[in-house]
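Chain order of the listed sequences is A and B.
Start counting the first sequence at 1; every next residue gets the next number (the numbering used here).
Start counting the second sequence at 1; every next residue gets the next number (the numbering used here).
Quick caveat, the hints were computed from the structure, so don't treat them as lab data.
Each hint can be trusted.
Quick list of the computed label-pair ranges, beta carbon to beta carbon:
(1) B/ASP117 x A/VAL271: 43 to 51 Å
(2) B/ASP56 x A/ARG189: 19 to 27 Å
(3) B/VAL19 x A/ASP220: 56 to 64 Å
(4) B/PRO107 x A/TYR212: 45 to 53 Å
(5) A/ARG189 x B/GLY181: 37 to 45 Å
(6) A/PRO40 x B/GLU180: 40 to 48 Å
Just so it is clear, the structure is predicted and the values come from calculations on it, not from any experiment.
Glycine included, each C-beta is placed from N, C-alpha and C at the ideal position.
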Amino acid sequence: MTAVANDTDTSRPRAAARPRILANGMSRIRYEVKTYFRSPDAVFFTFLFPVIMLGIFTSAFSSSGDIVPARGEAGVSVGAYYLPGLVAAGLLLSGVQNLAIEIAGEKSNGTLKRLGGTPLSPVSYFIGKIGQVFVTGTLQVALLLVVARVVFGIALPTEPEVWLRFAWVFVLGITTSALLGIALSALPRSGRSASAVILPVVLVLQFISGVYLQFYLLPDWMQNIASVFPLKWMAQGMRSVFLPDSFAKLEVHDSWELGWIALVLLGWLVVGLVLSRITFRWIRKDG
Amino acid sequence: MSDEAVTVRDLRKRYGQMVALDGVSFEIHRGETFALLGPNGAGKSTTIEILEGYRDRSSGEVDVLGTDPGHSTLAWKAKLGIVLQSTAEAGTMTVTEQLRHFAGLFPRSRDVDEVIDATGLREKAKVRISKLSGGQRRRVDVALGIIGRPELLFLDEPTTGFDPEARRDFWSLIRQLKAEGTTILLTTHYLDEAAQLSDRAGVINHGRLIDIGRIDEIGEADARVPIVRWRDRDGIRQRRTTEPAALVTALAAEFGHEPPELEVIRPSLEDIYLDLVADDAAAESAVSETEEVVA
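Next up, chain B with everything else stripped away, as it sits in the complex (with noise of 0.2 Å):
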């Protein structure tokens, strides 16, 4: 068994003359939780569907559990667990009708009443899934993902309507799936989601991978350094230092007082990642540019 539980090489996507993916490797380790994000249209949903065999690739090479997507079998679809981005589904079934239909469905499925436990929807077990909220209904995605007791699962924008709370349960939820040796592929929006769960994550953008490596590593060592921002008569002002400690004492003796509306900011995932697509953008224009004046 390889180490890898899935391998992209090099992959690429048209659709007619649009290029949604440019040339993508990545891999997710066994056991990994792994993190993709990116812009909407950035193609993280293409990458997710080419791996879980709903869409071909152009080409290039992909491996999934040992399986190449483009052919896939009804046993490989067994070790697999797929959230897809919501549904319409009419939802005639109750949710512990719809659970217990497709846990006939996988060869080692998890027990029925655990996952309703799991996904908190013990209250709702007996409601059909048309009465449900967005959100509850989002459980329900989540839930037929984790029955048939997955190898490898695809969790795409998996808490689009979740509250808060409802956001804290999935999450140890998925942490408890970590632990059991599940490995897991999430696109999200919500980057302290990716924070929170994920070891690695790779950055999408414009069907490119601009950036890869563990949550902790992701942009430029310079993006991690935190910031200190102060008011003075000109306005804002901010400046990167490695020893905001020093800094804020410095700003302190100057001023005689409290520096006002003084923050130190260390670069959340959130700013690191906004940096990254700005800046990949800003490369992306410059090369237009340039081009622009050659022709």
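Chain A extracted, bound-state conformation (with noise of 0.2 Å):
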């Protein structure tokens, strides 16, 4: 074969590529939802996980009154002040926990061996999984909000410069999650072993970083540990939309410090980028 026909061989194809690309992963995303929610795994324990937490912490402190910035100033109830974390928790769950367990699964009982032997890009799955999260944290976070303004009176702010602030604090987060999630199901050795390494990570987490218990109560050490890490962030982040402004002074330097959550999310999400690109395989070439 001659140069020139060699040129014309891969040129060709390439140019038609990029629509290709793209259709396919939106023809991906629509596959990989529908997967996501007949998996009763992941309806529960990623999904409907958040919703349950809410229930419980609201019924379980349900006399235990108000959580107050400061002595004597106005509070909110102990649901209210969860909501945030567990919103944020959300993301997490929808991106790191339910991508790299369902990789990885995927990776041991030949979902990706089959996807790498057709004209798929890597590209469009990708595009197909963080449009999985992204549909998937979306609806999560709406019923979440909706169970609790409905069920549990919970009041929701209604200004458009703090949804706005939500808007940008959520895609940065399920971003970030999303390619995390990605990056991590790499790490278990097997389908099988997923859930043992993964759940620990992401529990350690939500514990160390203001989810289940209240992040200024927290030592120091542990507060510094958690700040290395996205899900903090994303929980300050949250707690800046749904919480009153005079809770500010309970973070760790009086303030929602929305500058820096932006940049640790960014941060965090070419970390995430990076280390998919590095670490996806379709197959173990020699396992």
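Hints given; two lone chains; assemble the complex.
Have a look at this one:
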């Protein structure tokens, strides 16, 4: 084959490839969302989990009175206080926990091997996964907020600029979480061990990052460790949305630190992107 | 366009110390159905997975539809159909959903309903794959393998778990694909399947190709000579002869009645294959014995 023939051979499919990658990505999103809602594990441990936790917190502490930012100031109910943490936990579960376990399973049960034998680009596959996380995460937070408002009577913010802030924290958080999930899926050696490897990581993060425990009550060293990881910043961002501004003084630096939230989450997004790109393989070639 | 769909030259594969392929060479012509035969662990799957681009080779040259599978592109994958050995996927989609999705990934895929009918899945079209039996899931694997209208179809033990009727259906499907010009590489444990479907076969054992040729040429000429078998006072006797009728007539005259348990056997591919692999094993152990003596 001559060099000229070679050129035309490779450039033509490549020019046509980009819309194809996008179209396949969209088709993957539909497929992935359907798969998600047909998997009882995913629906229970990822999708409904924050709602269930909200129910437990609200009921368990219903008689313990409001949480106040300072003595004598107006406070919020325990349920209202925990809501932002659980919204953040939803981001982590939908992204990190869901994808890390799901992809590790797909690796070991042959799903990825089959896909690797088709003209599906890994980019389309990633679009499908991130899209699945985005769709299910959005539905999850919508459900959580509706339940919080309707069932538990928790007041939600009304100012448009606060909802704008919610939007960027949510989008940044869910994207970072999805990419970290893809990256972490390389860790478990098999699909069967995936839950055992991933769940403790996710659980510990939730405890030290202010999801189940009030962050301002944690010792400094624990707060410092948590500050390295993204969940603490997602939770802080969500507190800035759902709690009154008077609660800002309970934060480590007496402020919501929105700039830092954006910076740290963006940093982890890049880390997730790079790690995903480096570690992802359809199959372990010589395993 | 080359006349060969697949060219393999001196292919070698090592896993650490273990030599899985020790210099395998063969071609598959365009439009041909080629069977790769051999016992478990002989190197069939390693070979087919190198051709599919799933495994790297240690050395040798491989060309599949004009591309080195070690440097695969999406456009190249679009021309392949791959039926792997059975997998354990979750199967949350229905048969139709799964086929429709995969059809969308290929640029010139077949009609989903046509493929469902051709693979005998019509009654199960709306059933989730996880609810299907092993044989039905295998049909889905085959359906997914052909949905992209491949130029080259890899079938790695495709009929495992099929009942006899399903295997017949599968054979007629493969003949139809062949008639449309599809090149097919088949590995199978069922030698009758290879005999039914393939134009040529290669027999692989201990990582080496020990024979290759048209199905009616595999094995040495001697291996195809009919066998006459009967019982006399000393037990079962057998003799290879190119004139079995003459021998049977002579036996009948000698016995003065029907020779007990008389059989005339024309060696099947299976018999020839088993002889081949057994001879190879004997040659192998002879070699290792001489080596021991030398040592």
